[in-house]
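Full structure from sequences and hints, please.
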Amino acid sequence: MLLRKILAALAASTATAAALAAPSPAAAQTTTGARPAAAPASAAPPAAAAANPVIVVAGLSTPALGYEPLAARLRVDGFRVWIYQLPGLGFGDIADSARAFSAYVDQVRAATGAARVDLVAHSEGGLVSRYLIRNLGGGTRVGRYVSLGTPHYGTYVADIAKFLGLGSCLGIVACQQMAIGSSFLTALNDGDDTPGDVRWTAVRTLQDELVRPVDNATLADGATNVLIQSWCPLRIVGHLGLVLDGTTYTVVRGALTDSPVRPDCYAL
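Numbering (the UniProt record's numbering), first residue to last: 1 to 268.
Simulated from the structure, these hints should not be mistaken for laboratory data. Possibly wrong hints are sitting among the right ones.
Stated by the list, open to error - Restraint ranges, calculated between C-beta atoms of paired labels, are given here: (1) Asp-93 - Pro-260: 29 to 39 Å; (2) Pro-213 - Gly-167: 16 to 26 Å; (3) Glu-209 - Leu-234: 13 to 23 Å; (4) Thr-112 - Asp-192: 24 to 34 Å; (5) Asp-258 - Ala-111: 20 to 30 Å; (6) Lys-162 - Gln-207: 19 to 29 Å; (7) Pro-260 - Gly-165: 40 to 50 Å; (8) Gly-113 - Leu-164: 42 to 52 Å; (9) Pro-69 - Gly-191: 29 to 39 Å; (10) Ala-110 - Asp-258: 23 to 33 Å; (11) Asp-258 - Gly-167: 44 to 54 Å; (12) Gly-92 - Gly-137: 16 to 26 Å; (13) Gly-171 - Tyr-266: 38 to 48 Å.
Small disclaimer: the values here were computed from a predicted structure and weren't measured. Beta carbons: idealized from backbone N, C-alpha and C, even for Gly.
So, in structure tokens, the structure goes:
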């Protein structure tokens, strides 16, 4: 079973997980100057073996370890995977996080010799990745972009603190930037949603409790937008569940191998 293989891959990678998949906050901020270690080789399906290196980009407040299950699935399928934890867990300015991420992308490219990387980005990580592509020359360094529950057009959840009289997002800059109509999102969404020579995919779920309205997690201008429940009406997937859900993973795997969208509604 896939779950058993994933658990085996997790156990086998424990000793080297920090170097291979989950850089420390210092490494994520590129303050140490250390390059990411090469991902281990594995017997992979041809499509995965020939694919670009994959960087899983974390979301707000979630450490790299939270994305290890997704990275493990990808490794089982033969992808070379790294996890990028946002500087300061993503509470600061998204543009600053994108600049740090830009340096990390180049480290992975240098470590692997790859011209491009593919990105699987959760929540705020999708905005960091879009800023990289749009404003920092990432369009020539990224091959495929997959966002999971990213508030591309903002979320009214970011305004709840203000509604409760607690100020604007309790002073959290990234939260303020993810509010509907923020100056950051207005600038990011001005013009083409999908610039560069990149294959764009945006995945969303009806049960996303943090991105509201859920259609704000879509992209225009030719992106492939996938609503999990359009294919699997009985599938219940929350915001964090997008990282762990088997059906969602089949969409991610398909996007990384340029396959048609065919979610497996029974995947574990």
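Hint by hint, here is what the structure shows:
1. Asp-93 - Pro-260: 29 to 39 Å: For Asp-93 and Pro-260 the Cβ distance comes to about 38 Å; the hint holds.
2. Pro-213 - Gly-167: 16 to 26 Å: 24 Å Cβ-Cβ, so the 16 to 26 Å window holds.
3. Glu-209 - Leu-234: 13 to 23 Å: Because 18 Å falls inside the window, the suggested range holds.
4. Thr-112 - Asp-192: 24 to 34 Å: Roughly 29 Å apart at Cβ, these two residues keep to the hinted range, so it holds.
5. Asp-258 - Ala-111: 20 to 30 Å: holds, 24 Å
6. Lys-162 - Gln-207: 19 to 29 Å: Hint holds: Cβ distance 24 Å, inside 19 to 29 Å.
7. Pro-260 - Gly-165: 40 to 50 Å: About 49 Å separates the Cβ atoms of Pro-260 and Gly-165, which means 40 to 50 Å holds.
8. Gly-113 - Leu-164: 42 to 52 Å: Check passed, 51 Å falls within 42 to 52 Å.
9. Pro-69 - Gly-191: 29 to 39 Å: At 36 Å between Cβs, range holds.
10. Ala-110 - Asp-258: 23 to 33 Å: For Asp-258 against Ala-110, whose Cβ atoms are near 25 Å apart, the range 23 to 33 Å holds.
11. Asp-258 - Gly-167: 44 to 54 Å: holds, 45 Å
12. Gly-92 - Gly-137: 16 to 26 Å: For Gly-137 against Gly-92, whose Cβ atoms are near 22 Å apart, the range 16 to 26 Å holds.
13. Gly-171 - Tyr-266: 38 to 48 Å: holds, 44 Å
Comparing the model with each numbered hint stated earlier shows that all of them hold.
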